[in-house]
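Trainee: Each chain, written out:
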Amino acid sequence: MEKNNMNKKKNINSHSILLLITVGLFILLYAAGYFMYGFGANAKGFEKLQNFLDIFRTNAALICIACGMTCVMLTGGIDISVGSLVAMDCMILSVGMENSGISPTLLVPFVLLIGIVFGAVQGYLIGYLGIQPFIVTMAGMFFARGMTAMICTDQVNITVDNWFKQVAGIKVYMPFELGAVVNKRGVKMVPYVNIPVIIALVVVVLVFLMLRYTRTGRSMYAVGGNQQSAALMGLNTKRTKMITYILSSFLCSIGGVLYCMNTMCGTTTQALGLEMKAISSAVIGGTLLTGGVGNVFGSFVGVLINGTINSLVSFNGELTRLGGTVPNVVSAFLLFVFIMLQAVFAKLRERKQ
Amino acid sequence: MKSVIDWLKKVSKKPLFLPLVSVFLVLVINLVYDAIQGNYVFEFLKFELKEGALYGRIIDILNRGSEAAILAIGMTLVVSSSAGTDISVGSVMSLAGSLCCMLLAGFGVTHVRELGELQMPIFVGVIAGIAVAGLCGLFNGFLVAKMKIQPMVATLIFFTAGRAIGLLLTNNKMVYIHLEQFKVFGGKLWIFPTPTVIAAACILVMAIILKTTSLGMYVQSVGINPKASRIAGINSVAIILLCYVICGLFSGVAGIVATSRIYSADSNNIGLNLELDAILAVALGGNSLGGGRFNLAGSIIGAYTIQAITTTMYALGVAKAQAPVYKAIIVILIVVVQSPAVKAYFAHRKAQKEGGLAVAGRS
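These protein sequence lines are chains D and L, in that order.
For any residue, its number in my numbering is found by taking its place in the first sequence, counting from 1, and adding 330.
For any residue, its number in my numbering is found by taking its place in the second sequence, counting from 1, and adding 55.
Keep in mind the hints are simulated off the structure, nothing from the lab.
Since this is a predicted model, take the numbers as computed values, not measurements.
One or more of the hints may lead you astray.
[Claimed, not checked] Restricting the straight-line Cα-Cα distance to at most 25 Å, the calculated cross-link-like pairs of lysine-lysine (DSS-like) are:
1. L/K282 with D/K677
2. L/K105 with L/K201
3. L/K101 with L/K243
4. L/K408 with L/K65
5. D/K568 with L/K398
6. D/K677 with L/K203
7. L/K375 with L/K101
8. L/K405 with L/K65
9. L/K408 with L/K57
10. D/K682 with L/K57
11. L/K201 with D/K682
12. L/K105 with L/K203
13. L/K282 with D/K682
14. D/K677 with L/K408
15. L/K408 with L/K64
16. L/K201 with L/K282
[Stated by the list, open to error] Beta-carbon label-pair distances, calculated as ranges:
17. D/L531 with L/A376: 30 to 40 Å
18. L/R285 with D/L671: 19 to 29 Å
19. L/R285 with D/S559: 17 to 27 Å
20. D/G603 with L/I263: 33 to 43 Å
[Claimed, not checked] Where chain L lies over chain D, by a calculated footprint (3+ residues, C-beta under 8 Å):
21. 479 to 492
22. 513 to 520
23. 526 to 533
24. 601 to 611
All residues carry an ideal CB built from backbone N, CA and C; glycine is no exception.
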């Protein structure tokens, strides 16, 4: 019995080490950027607090989506429909507001409802009919991307002035003028974030609490860890799976609204490949695709790591001239390092047992 | 009449039943559409010789579906042996094409118009392209087989990096090779479209390998239970590795075909979303994505079915961007019919009926 407990402790330790590595890597990466572009002659503004907050601003939607993806991956599934769903949400919002003149008060809940219905269909097919998540969500991906084109094939920009646009434009300044700098013209610049960032952070906290303290959250871990034992323990694995996919699509719809607030337009090619960014963020954050292991906080740091890589590359003139694909190579390499670390830890654990 | 029903029941249990039915349905839709439009009813099947090449809708499907069919061969082996999918094939395709064009034109050169401008013989470039794709496959295979990383995550690396490396190789530009000798892989061979011939050759090679060696059996047994196969003396690591290398090589071939078709290296678009088509082809072919038993013929028919659906939709006047909606609905219908829960439901109903009769008979 005691030995069992010790094994358990070791398991948990090796998982938290993954998370620690993620956080450590992020700090290392950021420190590298700080020394490269934040000091002396090379100072380009990387040292500013605003640059750090900009990573949040550009990735607010991704943070939300990565939270949903983490939950799905915890149950051992995958959801590759998120990118297309974001595109569809953006298109509905822009066409609704711009061409049809519908109030965002109606449109935003409608989009969230679409997310829930979309997730419910996918969740039913996966949970109750036992079809593979990859295939179902791939069909969802095709469907949402095609629907985007059915609504409108052109780029629609939101120019109507309503609360949606006003909310998107609100700047939330740092309290106590933290990290404020005086620019060349002598104007004091206080670092700020916007509303999407705050919503994204609230989502992270809520999902974290849900996974840790609610029955649904714990069952997600149980189903991902071992579906048969979870079923023998009396958990409704089918329902848990369905709820997970509903949650994922719902969070993705919130992400879609945030994405739209950032871009203020809808196009058919929007958010292409966002699903892979979400998956790689979750994997970098220490979530195992086999299910049962992971943490929303890790995925959150994973998104920040991806964002920092992009930021670093954009600060480097040489790399920027090589083209926008360099971040992809760098983040692929980082992903490789990470999954190698995970594999090594998995092997070590196997040997211990 | 009863014998017909019995025959249908027997036939519907065959592995190739579903893929063939899908093809048949697409055919019927085409016939009905042509009949309504007042066209020649067999417009779909008609083909003719025009300017020394075969021409027609069915030829077009066989031509355009070649890349997906070639990819489906490798994907079938990967799915069967490792119970996972290789999502890097599309990206690796574009990498192979970019490397080939870069080697032929020289780094930084964007246009080649004469044979003399080539840096090396065409076949060297082609072989290099296929070889680099094989190396990508080896890397994926190493991660999956040796490091025991989930196939989708392992191949996510090249999914992200392959296209990007291709762009770096071609200096972020399109590289055009305006040479008949290079266009031949995506053009025509005598009167036949070369992609179809290449696909047929790939299928033939694979079929011969599977027939003459016990590779197929090994792959299936590794897919069903890697541990048991290892105990039975099969080197499961080597088998999985081999499957990924084969998959990589075939994606290289598909990449060369796709590059030659547009006689240029277009990293952003070559093989885009083709990995999804390949995986779909495997699933439509009646193969379980959970590994184990596989049916190569099913996958290939699946690949051409997808192309037939796409071509039909374009013929019906569906816009290219909207076509995925119908594709999604068709996919969902097919997988729902195939799903274990629905199958179990029908089996249960059948058992109830027979059980009821048996009880009635006994009393």
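Trainee: Does each hint fit the structure? Answer for all of them.
Mentor: Outcome of the hint check:
1. L/K282 with D/K677: holds, 16 Å
2. L/K105 with L/K201: violated, 52 Å
3. L/K101 with L/K243: Roughly 19 Å between the alpha carbons, so the hint for L/K101 and L/K243 holds.
4. L/K408 with L/K65: Distance of about 19 Å is within 25 Å: holds.
5. D/K568 with L/K398: With Cα atoms ~17 Å apart, D/K568 and L/K398 stay inside 25 Å; holds.
6. D/K677 with L/K203: Holds, at roughly 9 Å.
7. L/K375 with L/K101: Holds: L/K375 and L/K101 sit about 24 Å apart, inside 25 Å.
8. L/K405 with L/K65: holds, 15 Å
9. L/K408 with L/K57: holds, 18 Å
10. D/K682 with L/K57: With Cα atoms ~63 Å apart, D/K682 and L/K57 exceed 25 Å; violated.
11. L/K201 with D/K682: holds, 19 Å
12. L/K105 with L/K203: violated, 53 Å
13. L/K282 with D/K682: It holds: about 19 Å lies between the C-alpha atoms, which stays within 25 Å.
14. D/K677 with L/K408: violated, 51 Å
15. L/K408 with L/K64: holds, 16 Å
16. L/K201 with L/K282: It holds: about 14 Å lies between the C-alpha atoms, which stays within 25 Å.
17. D/L531 with L/A376: 30 to 40 Å: holds, 35 Å
18. L/R285 with D/L671: 19 to 29 Å: With Cβ atoms ~26 Å apart, the hint holds.
19. L/R285 with D/S559: 17 to 27 Å: holds, 25 Å
20. D/G603 with L/I263: 33 to 43 Å: holds, 38 Å
21. 479 to 492: holds (count 3)
22. 513 to 520: violated (count 0)
23. 526 to 533: Check failed, 0 qualifying residues.
24. 601 to 611: holds (count 3)
Against the hints set out earlier in the document, violations occur for numbers 2, 10, 12, 14, 22 and 23.
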